[in-house]
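Dock chain H against the given chain W, drawing on the hints supplied.
These protein sequence lines map, in sequence, to chains W and H. Sequence positions in the first sequence follow this note's numbering and run 1 to 270. Sequence positions in the second sequence follow this note's numbering and run 271 to 541.
Worth double-checking, as some hints may not be accurate.
Unchecked claim - Here are the simulated DSS-like cross-link-like pairs (lysine-lysine), alpha carbons at most 25 Å apart as the crow flies:
hint	chain 1	residue 1	chain 2	residue 2
1	H	Lys-386	H	Lys-352
2	H	Lys-352	H	Lys-465
3	H	Lys-464	H	Lys-311
4	W	Lys-185	H	Lys-386
5	W	Lys-185	H	Lys-352
6	H	Lys-311	H	Lys-352
Derived from the structure by calculation, the hints contain no laboratory data.
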Amino acid sequence: MTALTSTAPVARIHREPFFKRHHRPIVSTLSVLCFLLLWEVAAMQGWVNARFTSQPTQVYKAALVIFAKDDFAWHCGVSFVSFALGFAMALAVSIPLGLYLGVSRRGRLFIEPPLMALYTAPRIVLLPILIVWLGIGLGSKVAIVFLGAVFPIMVNTMAGVRGADHRLLTAARAFGATRMDIFLKVLVPGSLPAILMGVRLGVGRGVLSVVVGEMFVSEAGIGHQIMTYGQAMQFNNLLVYAFTISLFGYGLTVAVRMLEDRIRSWRPSA
Amino acid sequence: MSQDVAASGRMEIRDLSITYRKPKSDEIFTAVDRVSLTIEKGSFVTIVGSSGCGKSTLLLAMAGLIPRAAGSITLGGAEVTKPGPDRAMVFQDASLLPWRTVHGNVRFALELQRWKRDDIDERALRYVRMVGLAAFADYHPHQLSGGMRQRVNIARALCVDPDVLLMDEPFGALDAQTREVMCDELLRIWERDKKTAIFVTHAIDEAIFLGDRVVVMGRNPGHVREVIEIDLPRPRTSAMLDSPAFVAYRRQLREYIAADLLALQMVEALV
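One chain only, chain W, in its complex shape (with noise of 0.2 Å):
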């Protein structure tokens, strides 16, 4: 009988309200509502001249005929052809390059320089001389996003791999672990949360890279269509590409930080 009393109130579920179960959708939710609604307002009562800020409904209406016609599919595959191959390429040298320098001081002392000479200056300036190599077109493209993406995964990688937990090392020593074993059953699965960190910043660097790269060596793809419509100052359907891109570079983060946080799972939650 107290036996039964005594369980009663854990037995309650407890339930928060709605509001604060989903506080984060609702809060990001509203913000991004009230930053349109503002904006609308803004140009509607002529506090800014909506020919220069546009207004969300005249974005909406563009983006309907962009979708409609405009090849917006066409030049939407262009942009992602150009991105899913830089970036590509960027994983493929970044994550073996970032582990090698990783392990090796030498290897480390070689390359730091001109590494970090090419990772603090814009790459942008890199564009002139690319289009003399490899022409306008998908070549350049490819190029200058690989060259956006590469460094921010590969310094992450070796950092993840130098920041290895000394103790774990002993220990696995301690068992005769071989170097061989010590690579990849320590400091490979101990890095990839820094080396997921640093394909999350290598996203942003490849999107950004792509829109730059078209906007100068490109006859179509997002970029491009983002640079005329500027030109020709009609900026609803300049903003319907910019929202596309962005969106595209957005979803892409959040995908790479769930990944992360499977990995992560091992970790301490706080």
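Leaving out everything else, chain H in the frame of chain W:
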């Protein structure tokens, strides 16, 4: 042949010295100075001393993880130069791979020693069960208490079936109550097959409670000060902690360690 079996868990340390070069200078620092010690097969030897007496360094040398300046360490007649499957080490906290589960961490040791693939999972699980963590086999280290993590550490060392178990302050990060429970648990496991055990600690009670012999180390440079035989019956129980014999050992050890600290202070006062 029978000679080999008898000698397999016997460790002999002869005139062992270990030196370090201090970072950013050419000064040589002697961590362990001409230590000689014989550890019989199947005995439980504890090493105590204040911090900086070289006790952990000595243990790392037995593990084959650090080079020696002079002298020798032999195990079962063979020279110890690098880590080997005849020794396994239990570390302080935080030596488990955080991305592996309890089971995966025990398995890790078997993988490194190239155990055959088909029974590796089963064997790892058996040792997880032995330390009482069957229900937590799929947990990650951060989800466990400090005591549970050390159980994993012990399981990981035992599963590779070493001749000698080396323990470097394995309970140093635990609270007093958990320590006592873990000491009981460790002895219970050790009594089963009585592997040679070498246990480094700075806790005097722990050293007496666990050991057949207590090696007291002194500092500057690290050396063996005394070796005391602990004549308490096994299995040891926590009731013995208050027995007259235990209290006498405790007082004796305290005096040795205090004398070492005092000698050091006098040296410092002179300098």
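Each hint tested on the structure:
Our distance criterion of 25 Å between C-alpha atoms is met by Lys-386/H and Lys-352/H, whose separation comes to about 23 Å. Only pairs whose Cα atoms come within 25 Å are accepted, and Lys-352/H paired with Lys-465/H is accepted, the gap being roughly 20 Å. Note on Lys-464/H and Lys-311/H: the hinted pairing holds, with a Cα-Cα distance of about 9 Å set against a maximum of 25 Å. For the hint pairing Lys-185/W with Lys-386/H, the CA-to-CA distance comes to about 18 Å; that is within 25 Å, so the pair holds.
Straight-line distance between C-alpha atoms of Lys-185/W and Lys-352/H comes to about 20 Å, which keeps the hinted pair within the 25 Å bound. Taking the CA atoms of Lys-311/H and Lys-352/H, the gap is near 20 Å; set against the 25 Å cutoff, the hint holds.
Violated hints for the displayed structure: none, as all numbered hints are satisfied.
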